[in-house]
Amino acid sequence: MTAAELAVDPDLALVRRAQAGDTHAFGELVERNRRAVFRAALAAVGSATEADDVAQEAFVTAFQKIEGFRGEASFRTWLLSITWRKAIDRRKSVTRWMQRLVMPAVTESGEEWDPMQRVASTARSQEDDLLTSDLQKRLRPLIASLPKKLRDALLLAGSGEHSYEEIGQMLKIPVGTVKWRVSEARKVLKQKMSAMGYSDVR
Amino acid sequence: MSADLDREIDRAVREMLDVEPSAGLRARVMQRIDEGQVASGFSRKVTVASAFRRKILWAGLPIAAAAVILIAVVIARRDGTAPPLTPIAGPTIAKATPTSDPATSTQSAPAGTPRTATTADRRRLDVLPRGAQRVTATAAVEPAPADGFPRVPSLSVPALTMSEIRGVAPAEPAQIGVDPIAAPAPLEIEPLPLSPRERQNQE
Chain A
371 MTAAELAVDP DLALVRRAQA GDTHAFGELV ERNRRAVFRA ALAAVGSATE ADDVAQEAFV
431 TAFQKIEGFR GEASFRTWLL SITWRKAIDR RKSVTRWMQR LVMPAVTESG EEWDPMQRVA
491 STARSQEDDL LTSDLQKRLR PLIASLPKKL RDALLLAGSG EHSYEEIGQM LKIPVGTVKW
551 RVSEARKVLK QKMSAMGYSD VR
Chain B
20 MSADLDREID RAVREMLDVE PSAGLRARVM QRIDEGQVAS GFSRKVTVAS AFRRKILWAG
80 LPIAAAAVIL IAVVIARRDG TAPPLTPIAG PTIAKATPTS DPATSTQSAP AGTPRTATTA
140 DRRRLDVLPR GAQRVTATAA VEPAPADGFP RVPSLSVPAL TMSEIRGVAP AEPAQIGVDP
200 IAAPAPLEIE PLPLSPRERQ NQE
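Keeping their order, the protein sequence lines are chains A and B.
For the first sequence, position 183 matches number 553 in the working numbering, and the numbering has no gaps at all.
For the second sequence, position 32 matches number 51 in the working numbering, and the numbering has no gaps at all.
Calculated directly from the structure, the hints in this document are not laboratory data.
The C-beta atom is built at its ideal place from N, Cα and C for all residues, glycine as well.
It is possible that part of the hints are untrue.
[What the hints assert, rightly or not] Far from chain A, some chain B residues (derived; all Cβ distances over 10 Å):
id, residue
1, Ile28
2, Ala31
3, Met35
4, Pro40
5, Asp53
6, Gly55
7, Gly186
8, Ile200
9, Pro205
10, Asn220
11, Gln221
[Said to hold, decoys possible] Among chain B residues calculated to face chain A with C-beta under 8 Å, some are:
id, residue
12, Asp25
13, Arg30
14, Arg33
15, Ser41
16, Leu44
17, Arg45
18, Met49
19, Ile52
20, Leu179
21, Leu206
22, Glu207
23, Ile208
24, Glu209
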């Protein structure tokens, strides 16, 4: 392992030890990446509890497959790709479950029910409501109602944990497409806000 | 109402995802890894392999089911096919009759032991026309009497005799005559009896 390799992927030394069977080294990798993994899962499933489950599944799967990790991408990117796959599987199963048992298959607006709608409708305290402006209260449901492709890109980019390159690897799309989706999501949101009477100062 | 919408969108997104992972995430992951290693007995390779095997199993199930159905269809067809309708000579059916002469039997059954007709024999008999069965019955080989047993004459069927079917010649059109229909007898209808009201009127 050269210094150049370590510069590209700071996790590499721990990965090599984990590949040799050192579970403590893998524990250190979990600690380093848990926030990025959790936020990626949260962006997909919209619930902290389920994001926690997804993160756990992703780390266990990563441990099971770590011997196959060849280092073509960084360990973090590889781990985030696993996380995203798990999160999308969970999102699909949660959507199906909710459609069958709790919610109607199609909402009043004619769109499929989406677990992300829980984020927008989460009960908040009165203090939170006072601190949150009227505009913020209106924005959340609008973000939740965006098409999934646009919303995923917007949330991942806005989480502050993932670079465009990482998002591209996770979503398996070029970086240019990631940027276009984020921009398109903003455009759609601004149009909706304009229709509600808000104007952009810029 | 005016606002910097880009900044507001960024803020809304940050707040939506402003949740920290639970503190016990690492501990839970490590516990599951330890449990998995203990359960699998030796290494994580086992867990991965079992997942792969599960995938193979799911993929192979429909193929296996299709193969079973195919085999069942082939077997059913083979059983349902009747053997060719060839005239059967006496010795063939004689296998089904009791015999003690090994020379006349194609089977190496012990002398005096009646050989029960096989399913194939029975099926062949069912398929054959009635006449063929009679012929084969008369051609059955008479068994030699065993020691101490009375001789029982073999069954015999009288020869089939059929009366000749005489054809009826069709009649010529000139020969066909139709008798004239007799004139109907004149109808006699009695007058209806008077109703009570008519009777009252007459009185």
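Hint check:
A beta-carbon of chain A is positioned within 10 Å of the beta-carbon of B/Ile28; the least distance is around 6 Å. In this structure B/Ala31 is not separated from chain A by more than 10 Å, as the shortest Cβ-Cβ distance comes to only about 4 Å. A Cβ of chain A approaches the Cβ of B/Met35 within 10 Å, the least distance being about 5 Å, so the stated non-interface status is violated. The Cβ of B/Pro40 does not lie farther than 10 Å from every Cβ of chain A; its closest approach is about 4 Å, which violates its non-interface assignment.
Non-interface status of B/Asp53 relative to chain A is broken: a Cβ of that chain comes within 10 Å, the nearest being about 7 Å off. Residue placement check: B/Gly55 does not keep its beta carbon more than 10 Å from all beta carbons of chain A (closest about 7 Å). Once the 10 Å rule is applied to beta carbons, B/Gly186 is consistent with being away from chain A; the minimum gap is 79 Å. Non-interface status of B/Ile200 relative to chain A is upheld: no Cβ of that chain comes within 10 Å, the nearest being about 82 Å off.
Remark: the non-interface label on B/Pro205 is consistent with the geometry, its nearest Cβ contact in chain A lying 88 Å away (cut-off 10 Å). At roughly 85 Å, the least C-beta separation between B/Asn220 and chain A is larger than 10 Å, which holds for a residue marked as non-interface. Remark: the non-interface label on B/Gln221 is consistent with the geometry, its nearest Cβ contact in chain A lying 89 Å away (cut-off 10 Å). For B/Asp25, the interface hint holds, since its Cβ comes within 8 Å of a Cβ in chain A; the closest pair sits about 6 Å apart.
Because the closest C-beta pair between B/Arg30 and chain A is about 7 Å apart, less than 8 Å, the hint holds. Contact between B/Arg33 and chain A, as hinted, is supported at the beta carbon level, the nearest pair being about 6 Å apart and thus within 8 Å. The beta carbon of B/Ser41 is positioned within 8 Å of a beta carbon in chain A (closest approach about 5 Å), and the interface hint is therefore held. Here the hint on B/Leu44 is kept, as its CB sits about 5 Å from the closest CB of chain A, short of 8 Å.
A least Cβ separation of about 5 Å between B/Arg45 and chain A falls short of the 8 Å threshold, and the interface hint therefore holds. Because the beta carbon of B/Met49 sits about 5 Å from the nearest beta carbon in chain A, less than 8 Å, this interface hint is met. The beta carbon of B/Ile52 is positioned within 8 Å of a beta carbon in chain A (closest approach about 5 Å), and the interface hint is therefore held. Checking B/Leu179 against chain A: minimum C-beta separation of about 75 Å lies over 8 Å; hint violated.
Because the beta carbon of B/Leu206 sits about 83 Å from the nearest beta carbon in chain A, more than 8 Å, this interface hint is broken. Given hint, B/Glu207 at the interface with chain A, is violated; its Cβ is 87 Å from that chain's nearest Cβ, farther than 8 Å. For B/Ile208, the interface hint is violated, since its Cβ never comes within 8 Å of a Cβ in chain A; the closest pair sits about 83 Å apart. Hint on B/Glu209 is violated. Least Cβ distance to chain A is approximately 85 Å, over the 8 Å limit.
Taken one by one, the earlier hints fail for this structure at numbers 1, 2, 3, 4, 5, 6, 20, 21, 22, 23, 24, listed in ascending order.
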